[in-house]
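Peer 1: Here is how the chains run, residue by residue.
There are 2 protein chains.
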Amino acid sequence: MEPGDNYQLEFRFTQNQVEDFARLTGDSNPLHLDPDYASRTLFKKPIIHGVLGASIFSKIMGTLFPGEGTIYLSQQLEFKRPMYVDTTYKALVQVNDTNPDKHTATLTTRVLDNATDKLVIDGEALVMNRDRI
Amino acid sequence: MEPGDNYQLEFRFTQNQVEDFARLTGDSNPLHLDPDYASRTLFKKPIIHGVLGASIFSKIMGTLFPGEGTIYLSQQLEFKRPMYVDTTYKALVQVNDTNPDKHTATLTTRVLDNATDKLVIDGEALVMNRDRI
Chain A
21 MEPGDNYQLE
31 FRFTQNQVED
41 FARLTGDSNP
51 LHLDPDYASR
61 TLFKKPIIHG
71 VLGASIFSKI
81 MGTLFPGEGT
91 IYLSQQLEFK
101 RPMYVDTTYK
111 ALVQVNDTNP
121 DKHTATLTTR
131 VLDNATDKLV
141 IDGEALVMNR
151 DRI
Chain B
21 MEPGDNYQLE
31 FRFTQNQVED
41 FARLTGDSNP
51 LHLDPDYASR
61 TLFKKPIIHG
71 VLGASIFSKI
81 MGTLFPGEGT
91 IYLSQQLEFK
101 RPMYVDTTYK
111 ALVQVNDTNP
121 DKHTATLTTR
131 VLDNATDKLV
141 IDGEALVMNR
151 DRI
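Top line first, the protein sequences correspond to chains A and B. Residues 21 to 153 (the numbering used here) are what the first sequence spells out, left to right. Residues 21 to 153 (the numbering used here) are what the second sequence spells out, left to right.
These are computed hints drawn from the structure, not numbers from a lab. Beta carbons: idealized from backbone N, C-alpha and C, even for Gly. Some clues are possibly wrong.
[Said to hold, decoys possible] Here are the simulated distance ranges between beta carbons:
| # | chain 1 | residue 1 | chain 2 | residue 2 | range |
| --- | --- | --- | --- | --- | --- |
| 1 | B | Thr61 | A | Gln35 | 34 to 44 Å |
| 2 | A | Asp142 | B | Thr128 | 34 to 44 Å |
| 3 | B | Ala135 | A | Gly46 | 36 to 46 Å |
| 4 | B | Thr34 | A | Gly87 | 18 to 28 Å |
| 5 | A | Glu39 | B | Leu84 | 26 to 36 Å |
| 6 | B | Ser59 | A | Leu62 | 42 to 52 Å |
| 7 | A | Glu30 | B | Leu53 | 36 to 46 Å |
[Said to hold, decoys possible] When the alpha-carbon atoms are kept at most 25 Å apart in a straight line, the in silico DMTMM-like pairs for lysine to aspartate or glutamate are as follows:
| # | chain 1 | residue 1 | chain 2 | residue 2 |
| --- | --- | --- | --- | --- |
| 8 | B | Lys65 | B | Asp54 |
| 9 | A | Lys65 | B | Asp117 |
| 10 | B | Lys138 | B | Glu30 |
| 11 | A | Lys100 | B | Asp117 |
| 12 | A | Lys64 | B | Asp142 |
| 13 | A | Lys100 | B | Asp121 |
| 14 | A | Lys64 | B | Asp117 |
| 15 | B | Lys110 | B | Asp142 |
| 16 | A | Lys100 | B | Asp54 |
| 17 | B | Lys65 | A | Asp142 |
| 18 | A | Lys64 | B | Asp121 |
| 19 | B | Lys100 | A | Glu88 |
| 20 | B | Lys100 | A | Asp121 |
| 21 | A | Lys100 | B | Glu144 |
[What the hints assert, rightly or not] Sample of chain B residues lacking proximity to chain A, with all beta carbon distances greater than 12 Å (derived):
| # | residue |
| --- | --- |
| 22 | Ser78 |
| 23 | Asn119 |
| 24 | Asn134 |
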């Protein structure tokens, strides 16, 4: 991995996945699950849990870039816009800096709306991978 | 909510939940799933996905403190120590600051090992709740 290297992945979630995430984690906030409740909020319809949206970074860094064996050291997340089900988003992970001695890298981690390119999640991660960094 | 208010919750995850999380998010990093692979790492056995561990904050803030209707604006996470299945952890969420005009609060979000009180996840969240902040 070198500074500037990057990885992009399009993804989407379904309402079934949101319900599975709510069951798994216990976060049954009706903002994510109840269309009537959500219709009375500024979002108008249920939004995806922020942590579920951000899990795309865990998938990318743990299985694709840098991949297997990656250890998460930190993650900063700013939830700039709501994420909705059945909507295509694009995750962008870009290397800012590497420390080959420590096998660590800082990466910019972003989610954009795929249709509008608007920034949905912004953030930065620090990861370690002894074989790949 | 006032500065200093806080909420504590003991929790634990099972390997079945880790497997469900891997399927749901696509993060099939063998560090979380494969005992043979994990035995050759510094952790010696599979560790819980950091994002799954951090989901306890989403549960607490979305359903308990401040609860229903909470909107996540940001979350910073430092993964200080590995989390293991079938181990009891304690989540601590404490109010640092509130802005009643904007209905926002910054909260310290931590996970400790329940037996040793060692810090496992450190971080800070910014949330909005129009009815409760």
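Peer 1: With reference to the structure, classify each hint as holding or not holding.
Peer 2: Comparing the hints with the structure gives:
| no. | hint | in the structure |
| --- | --- | --- |
| 1 | B:Thr61 - A:Gln35: 34 to 44 Å | holds, 36 Å |
| 2 | A:Asp142 - B:Thr128: 34 to 44 Å | violated, 21 Å |
| 3 | B:Ala135 - A:Gly46: 36 to 46 Å | violated, 22 Å |
| 4 | B:Thr34 - A:Gly87: 18 to 28 Å | holds, 26 Å |
| 5 | A:Glu39 - B:Leu84: 26 to 36 Å | violated, 19 Å |
| 6 | B:Ser59 - A:Leu62: 42 to 52 Å | holds, 49 Å |
| 7 | A:Glu30 - B:Leu53: 36 to 46 Å | violated, 25 Å |
| 8 | B:Lys65 - B:Asp54 | holds, 8 Å |
| 9 | A:Lys65 - B:Asp117 | violated, 29 Å |
| 10 | B:Lys138 - B:Glu30 | holds, 14 Å |
| 11 | A:Lys100 - B:Asp117 | holds, 20 Å |
| 12 | A:Lys64 - B:Asp142 | violated, 33 Å |
| 13 | A:Lys100 - B:Asp121 | holds, 19 Å |
| 14 | A:Lys64 - B:Asp117 | violated, 28 Å |
| 15 | B:Lys110 - B:Asp142 | holds, 12 Å |
| 16 | A:Lys100 - B:Asp54 | violated, 35 Å |
| 17 | B:Lys65 - A:Asp142 | violated, 32 Å |
| 18 | A:Lys64 - B:Asp121 | holds, 22 Å |
| 19 | B:Lys100 - A:Glu88 | holds, 20 Å |
| 20 | B:Lys100 - A:Asp121 | holds, 19 Å |
| 21 | A:Lys100 - B:Glu144 | holds, 16 Å |
| 22 | Ser78 | violated, 5 Å |
| 23 | Asn119 | holds, 17 Å |
| 24 | Asn134 | holds, 17 Å |
The structure is inconsistent with the numbered hints 2, 3, 5, 7, 9, 12, 14, 16, 17, 22, although it conforms to all the rest.
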